[in-house]
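Novice: If you're matching them up, the sequences are chains A and B in order. Using our numbering, the first residue of the first sequence is number 1, and each one after it goes up by one. Using our numbering, the first residue of the second sequence is number 1, and each one after it goes up by one.
Keep in mind that a hint or two might mislead.
Said to hold, decoys possible - Derived BS3-like pairs (lysine-lysine); straight-line CA-CA distance at most 30 Å:
#1 K157/A to K293/B
#2 K245/B to K109/B
#3 K70/A to K152/B
#4 K152/B to K188/B
#5 K66/A to K220/B
Hint data in this document are derived by calculation from the structure and do not stem from the laboratory.
Now for the letters of each chain:
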Amino acid sequence: MRLLRQRFLRLLPVLLIVTFATFAMVRLLPGDPARAFLGPDAPQEQVDRLTQDMGLNDNAVVGYGKWIGKVFTGDLGSSYRTGQSVADALGQRFPVSLELMIFAQIFALVLAIPIGVFTAYRSGGVLDRMWGASAFAIMAVPSFVLGLLLIYVFPVKLDWLQISGFTRLTEDLAGNLRSLVLPGITLGLLQVAIYSRILRSDMIATLQEDYVMMARAKGLSTSRILLGHALRPSSFSLLTLAGLNIGQLLSGAVIVEYMFSLPGVGLLMVESIAAKELMMLQGAILVIVVGYVLVNLLVDVLYAVLDPRIRQAGARG
Amino acid sequence: MLLAACGSDDDSKDSSPTTTAATGASTTAATATTAAGTTESSAAQPTESSAAPTESSAAPAAAVKRKQGGEMTVGVLYDAFGLDPVKMIGSVTDGWLAGAAYDTLIRRKADGTLEPWLAESFDTKDNQTWTFKLRSGVTFHDGTPLNAEAVKINLERHMDPANASRSLATAANVESVTAVDELTVDVKLKFPWAAFPQGAISVFTTIASPKAIADGTLAKMPVGTGPYKFVEWVPGDHMTFEPNKDYWGEGPYLDKLTFRVMLDSGVRYTSVEKGEIQVGQSIAVNQLAEANKSDKIHSTQTHGGSMAIFPLNNTVPGLDDARVRQAMSYALDRDVLNDVGYQGAATPNASLWAEGAPFYDDSIEWADNDMAKAQELIKEYEAEKGELTIEFMCYSDPERQKIAEVAMSMWEEAGLTINSKQVQNNQMIVDTYTGNYQVSCAAMGSELSDPDAWFNWFRTGSGTNWAKISNPELDDLLMKGRISAADADRQDAYSKAAAILAREVPVVRTLGTPWGWVAQKNVIATTLPLADFDVSGLAYTE
Chain A
1 MRLLRQRFLR LLPVLLIVTF ATFAMVRLLP GDPARAFLGP DAPQEQVDRL TQDMGLNDNA
61 VVGYGKWIGK VFTGDLGSSY RTGQSVADAL GQRFPVSLEL MIFAQIFALV LAIPIGVFTA
121 YRSGGVLDRM WGASAFAIMA VPSFVLGLLL IYVFPVKLDW LQISGFTRLT EDLAGNLRSL
181 VLPGITLGLL QVAIYSRILR SDMIATLQED YVMMARAKGL STSRILLGHA LRPSSFSLLT
241 LAGLNIGQLL SGAVIVEYMF SLPGVGLLMV ESIAAKELMM LQGAILVIVV GYVLVNLLVD
301 VLYAVLDPRI RQAGARG
Chain B
1 MLLAACGSDD DSKDSSPTTT AATGASTTAA TATTAAGTTE SSAAQPTESS AAPTESSAAP
61 AAAVKRKQGG EMTVGVLYDA FGLDPVKMIG SVTDGWLAGA AYDTLIRRKA DGTLEPWLAE
121 SFDTKDNQTW TFKLRSGVTF HDGTPLNAEA VKINLERHMD PANASRSLAT AANVESVTAV
181 DELTVDVKLK FPWAAFPQGA ISVFTTIASP KAIADGTLAK MPVGTGPYKF VEWVPGDHMT
241 FEPNKDYWGE GPYLDKLTFR VMLDSGVRYT SVEKGEIQVG QSIAVNQLAE ANKSDKIHST
301 QTHGGSMAIF PLNNTVPGLD DARVRQAMSY ALDRDVLNDV GYQGAATPNA SLWAEGAPFY
361 DDSIEWADND MAKAQELIKE YEAEKGELTI EFMCYSDPER QKIAEVAMSM WEEAGLTINS
421 KQVQNNQMIV DTYTGNYQVS CAAMGSELSD PDAWFNWFRT GSGTNWAKIS NPELDDLLMK
481 GRISAADADR QDAYSKAAAI LAREVPVVRT LGTPWGWVAQ KNVIATTLPL ADFDVSGLAY
541 TE
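The shape of chain A in the complex, shown without the other chains (with noise of 0.2 Å):
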């Protein structure tokens, strides 16, 4: 609890800063946003007017100022070009995101898991080899590629599964699942490689253990060791890059949004940038941030689950 308390408090300073360095450099993207929206025709004196409405006359703190204290009343603004309240459009396209990475990890983790898990049991024997060169592989191919593959081959020529396009998940559970996993796959594919990479080199390190050989020589079962007594110690690795792909799959995974046409949040950001939205921008980022953090903590506390030995050290300490 006391471990919890600590990290909770830390994250607001986290918090304030990240946001306002973001805030800070979004104001130094090249482009002018009044022109943007005005377009080129526009006469001076109005493109000057609407900078000044948009603020960006202030400078970099105090336009900080007025933006986050606009956040705490729940206003992150709206957007010039359609209208639409920021807080909403971040609504609709969120969960977009927030589905799709979630698919792709347990994608990942599903795979990878036995996978690490069976590799490091069997290391060196020819299953083992064969996989380390296709996850090798796997790594090498961008994502683009690995999608267009996973379109030409199912929805062109198995016929299976859509092409593109999100289905939402209040909409129809079938529909949702299915416009998810071709992007799923496309974006978990090269987790499942590196995760299981890195749970089988782990893995490799414990079951080198002694308690691992005391229970072999109790005669536990090969599973019950490998699951029971060496899986969670090899864990941690695994989890911290989980948990720091969370934040990573979630605000990059544009070039899967864009050619599966999902409308999610990393292409929320590539297209306020260009049409210099930078409200847009700036809670699309708020958004991010604060789901890295607070996954981060999340991690945090999954460490001290996983490992008796930090939750003691945080009851001494």
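Position chain B relative to chain A; hints supplied.
Specialist: Same frame as chain A, now just chain B:
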């Protein structure tokens, strides 16, 4: 391929999105963009419609029966930039979406001539005051009646600089709009302008409900007189329409029309093939030919699309010398550019108009493919003024880049030193407009337009005079071409103007870039010139 830059007038078409958004075919900047479209000034007159044999144009369509009913999804390249006519940039996507909810006063027919659309007729006695008679009994989707007052409100909105309408350049030529009676509107221009109807098509005369204007809800919810009523817009994802049962014209035939944003051209194509969507907009040229071989889908391709050009900033040292500009045009082998960029599907052309354009004069010679001449001119220049280094700015669209690289190597062969600068599409458009460039890459108008379009592109002081050319003789000729009533006078003016343009080379023209879309075989979609789309006639075959 997104052809950048917008012209002054309403008709704007973009070839492909590149703008905005990042990834994908275009660069990141490309797709997302909402901004940037290319604008055509002036309608094209007879624009040859298409090469696709299965295309249903006006005549055959009469033979094919349209089915009443069915739902259709159209995959579009960009999201709308806002559906308020004042905000619309007139890109192809805007055009398709707007065509669902709105009508314009005048429209182009499939053969390129103009027909009154929302207006029952339009006429003028002196080319200066244009009288539009509106159809009676037409109402907007919210029940407000269409009348002269409504049209007046709409046109004046574009004229008010406070609204920063993208059609301001056209609107600025209007002196006043008068509602003569319930259904008659007089538009008085500041000077006689024979080609006004061509310039006035599209966004400028897109008529929205005055009530929606007053309520300020237009940006989120378009309310017009069009064949379909707006249902919902999920920005970045899709826009849905339902039929307008009280539509004054033919159609609508569909029970539900959805426009889905699908950024990647390949994905649009495959989705049409698979039937996930029924129509795909802006398909890459090499895939259009494939489509016609398929038994499931057909495509259409229009020539006389956008003119791909390299604007030259005529005020920059070096580029202010006509020899250098001519050399840059002589140096380019446009067939090679065509092969590299479009697999030979575009039309190479060094001139700013083509056979089929009004007043076309084939006696004018334009600087084309003569490397020896180019080298000679550059040598002459450099002997006098020393070595010349030029900065070339283009946005990072793969097709554009390929062409740009070849062009750069040709210019270097001619003797120039070129520094290349890649910029984001939006930035490039702004820089091109503000003259903050040396050589840029863009697109303008159509080679089949009425040369009245040159008025905005090449006259001193015009907002879309990217080349910043200032030639008083040319200015006079263009003005004469615009305000003269007699065809003979206009011909004379434009022949002389073309001769000056051919000699001065303010911009280097390269290709005419083709447009195309694909649709399932059972979809009837009439292509109008300049890649416009007849939304009211969109239907399935019986």
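Novice: Run every hint past the structure and note whether it holds.
Specialist: Status of each hint after checking the structure:
1. K157/A to K293/B: Holds, because 18 Å separates the two Cα atoms, which is no more than 30 Å.
2. K245/B to K109/B: Cα-Cα ~24 Å, so holds.
3. K70/A to K152/B: violated, 40 Å
4. K152/B to K188/B: It holds: about 12 Å lies between the C-alpha atoms, which stays within 30 Å.
5. K66/A to K220/B: holds, 27 Å
Hint check: a violation occurs at hint 3 only; the rest are consistent with the structure.
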